[in-house]
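*Asks:* Working from the sequences, and respecting the hints, build out all of it.
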Amino acid sequence: MKKGMIKATRPFERVVHWCLALSCFLLCITGMSTMYHSLNFIGAVIGGMANLRMLHHYGGLFFGASLLVAIGIFWKDAGRFSSKEDWPWIKEAGGFLWHVDDIPEVGKYNPGQKMFFWVVALGGAAMLASGLIMWFPLSFSKQLVRTMYVVHSLGFLIIFAFIFVHLYLVTIGAPGSAPAMFTGWVTRGWMKKQHPKWLKEMEENGTLEVYGGKGSNKISSS
Amino acid sequence: MSQELIKLIDLSRCTACRGCQIACKQWNELPASRTKNTGSYQNPPDLQWNTWTLIRFQEHEDQSGNVKWLFRKDGCMHCTDAGCVKVCPTEALYHTEFGNVSLNVDKCIGCKACMYACPFGVPKFNAATNKIYKCDLCYTRLQGNQLPACVLSCPTGALQIGPKDIMLTKAYKRAKALGGDASVYGDKFVDGTHVVYVLPEKADVYDHLPQDPKIPLQIIVWKEFLKPAGLMVAGAVVAGAFLHYITHGPKMPEEEITSEGGDKS
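Sequences listed follow chains L and P, in order.
Take the working numbering: the last position of the first sequence gets the number 222, and nothing is skipped along the way.
Take the working numbering: the last position of the second sequence gets the number 1265, and nothing is skipped along the way.
Hint data in this document are derived by calculation from the structure and do not stem from the laboratory.
It is possible that some hints are incorrect.
[Unchecked claim] Derived BS3-like pairs: lysine-lysine, alpha-carbon spacing no greater than 27 angstroms straight-line:
id : chain 1 : residue 1 : chain 2 : residue 2
1  : P       : Lys1223   : P       : Lys1124
2  : P       : Lys1107   : P       : Lys1131
3  : L       : Lys84     : L       : Lys108
4  : P       : Lys1164   : L       : Lys142
5  : P       : Lys1131   : L       : Lys142
6  : L       : Lys192    : L       : Lys108
7  : P       : Lys1173   : L       : Lys142
8  : P       : Lys1036   : P       : Lys1124
9  : P       : Lys1251   : L       : Lys91
10 : L       : Lys142    : P       : Lys1223
11 : P       : Lys1164   : L       : Lys84
12 : P       : Lys1251   : L       : Lys108
13 : L       : Lys142    : P       : Lys1227
14 : P       : Lys1251   : L       : Lys142
15 : L       : Lys3      : L       : Lys108
16 : P       : Lys1173   : P       : Lys1188
17 : L       : Lys142    : P       : Lys1107
18 : L       : Lys7      : P       : Lys1251
19 : P       : Lys1170   : P       : Lys1107
20 : P       : Lys1068   : L       : Lys142
21 : P       : Lys1176   : P       : Lys1086
22 : L       : Lys192    : P       : Lys1251
23 : L       : Lys142    : P       : Lys1036
24 : P       : Lys1202   : P       : Lys1188
25 : L       : Lys192    : L       : Lys2
26 : P       : Lys1176   : P       : Lys1164
27 : P       : Lys1251   : L       : Lys3
28 : L       : Lys2      : P       : Lys1251
29 : L       : Lys76     : L       : Lys192
30 : L       : Lys197    : P       : Lys1251
31 : L       : Lys108    : L       : Lys7
32 : L       : Lys76     : P       : Lys1251
33 : L       : Lys200    : P       : Lys1251
34 : P       : Lys1223   : P       : Lys1068
35 : L       : Lys200    : L       : Lys2
36 : P       : Lys1202   : P       : Lys1107
37 : L       : Lys91     : L       : Lys197
*Replies:* Below, the structure is given as structure tokens:
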């Protein structure tokens, strides 16, 4: 970390994020290995497809628990849309799709991130529910189980596509974002570009934490 | 003998001796299960993981009030467009050179998807082994140029097996000779089954015999549409991200030297 960097996330947020991310990655790999015959070889690495299936099931339980905690901690800032603040940003697509001189300022999370939250929350819950029914199909009606196969594969389609949007944005699409989920410290330049209003709010509330700084009072006074 | 085969079941010749049911158990070394008397000769009441073929006993009253006893040998129909093969994640269920659907039990992981894809309700689960079981038309016997155990055991000629075209010709000839409501069942759906019935009565008279068997819609959506779409959509997103990067460009942070100017705003 360099002096002057800004604290964007709490350690607990990062831990929950990575629990969710790594279990999601594991579920995608093991799920795809059962969906596509050409990936069956992945099962051999852990002693067969039956083991892989079990890994998918218990990984799913871990994912479900992580998801509940994640919804709990991100709901307050990412779960609720505000038409006054979010609509101008949505109309300009946050400056991501065409040139916008002044990108409308939004709070801690922009509407794109809020949409991502909802896709993960609802999609994850749908995957968990359909997955549990597919794990114990004999307890349910045939039509329900068959419909769950559709829900589970449709959920995969959406979540898998979103993963690549996410990966693009946190790497080359919006450089400087990734450290928020590794060290938790981001640059002020990134903060001013991505979350100007959040930066102002933190400065006004005196909650801004600056690396190597003498405290938030000095920052807000400058 | 590596050509498409059809097992022909001529129900007009079946006497419900259940020789086939026993021969199947004997050849495939399937243990018996304890059952209860349910007021019918039909025993066990349904196909089981260890009962791959079953004679169904049905008391049928026709329009003039006469009661007839109908027998039907139930079991795997060996579909050409087989739902079980379509959904099996490990290729444990597969088509052989004879067109029948065989099962490599070692590969089965007990996911049970085939139970929900089969229009005939044939695959059965054994919780003790966590695996699926069903008739494989005695694939190893066919490989050795032998008749399936059930066909070998049949004393009346109700069961025959042979090349597809010859069996179908025989089936239609027999249905015509029987006249009345007799019909051929099996060649008209799921791209043709490799087990074909000659039914002396109308098809809708028989219990547990689907009138229009097909792979359930959800299974088609899952395997024919969403499975390939999952990869295509992800590929399109990756391509879209690349296009975004080279046309619109990334959202770069504002220029600022954080090490020194961190507390400047």
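*Asks:* Please work out if Lys7/L and Lys1251/P have their alpha carbons no farther apart than 27 angstroms.
*Replies:* holds, 20 angstroms
*Asks:* Can you confirm whether the C-alpha distance between Lys142/L and Lys1107/P stays at or below 27 angstroms?
*Replies:* Between Lys142/L and Lys1107/P the Cα gap is close to 24 angstroms, so the pair holds against 27 angstroms.
*Asks:* Going straight from one Cα to the other, do Lys1176/P and Lys1086/P come out at no more than 27 angstroms?
*Replies:* Answer violated: Lys1176/P to Lys1086/P is near 35 angstroms, above 27 angstroms.
*Asks:* Are the Cα positions of Lys1131/P and Lys142/L separated by 27 angstroms at most?
*Replies:* Cα-Cα ~19 angstroms, so holds.
*Asks:* Just to be careful, I want the Cα atoms of Lys1251/P and Lys142/L compared with a cutoff of 27 angstroms; is the pair within it?
*Replies:* Roughly 49 angstroms between the alpha carbons, so the hint for Lys1251/P and Lys142/L is violated.
*Asks:* Holds or violated: are the alpha carbons of Lys1251/P and Lys3/L at most 27 angstroms from each other?
*Replies:* holds, 23 angstroms
*Asks:* With a cut-off of 27 angstroms on the C-alpha distance, tell me whether Lys1202/P and Lys1188/P pass.
*Replies:* holds, 15 angstroms
*Asks:* Tell me if the straight-line CA distance from Lys76/L to Lys1251/P falls inside 27 angstroms.
*Replies:* holds, 26 angstroms
*Asks:* Verify the proposed pairing of Lys200/L with Lys1251/P, using a straight-line Cα cut of 27 angstroms.
*Replies:* holds, 20 angstroms
*Asks:* For the pair supplied as a hint, Lys142/L and Lys1227/P, is the alpha-carbon distance within the 27 angstroms limit?
*Replies:* holds, 21 angstroms
*Asks:* Has the given pair, Lys142/L with Lys1223/P, been kept, meaning a C-alpha gap of at most 27 angstroms?
*Replies:* Holds: Lys142/L and Lys1223/P sit about 17 angstroms apart, inside 27 angstroms.
*Asks:* Has the given pair, Lys1170/P with Lys1107/P, been kept, meaning a C-alpha gap of at most 27 angstroms?
*Replies:* violated, 37 angstroms
Checked against the numbered hints given earlier, the structure breaks hints 4, 7, 11, 14, 19, 20, 21, 34, 36 and satisfies all the rest.
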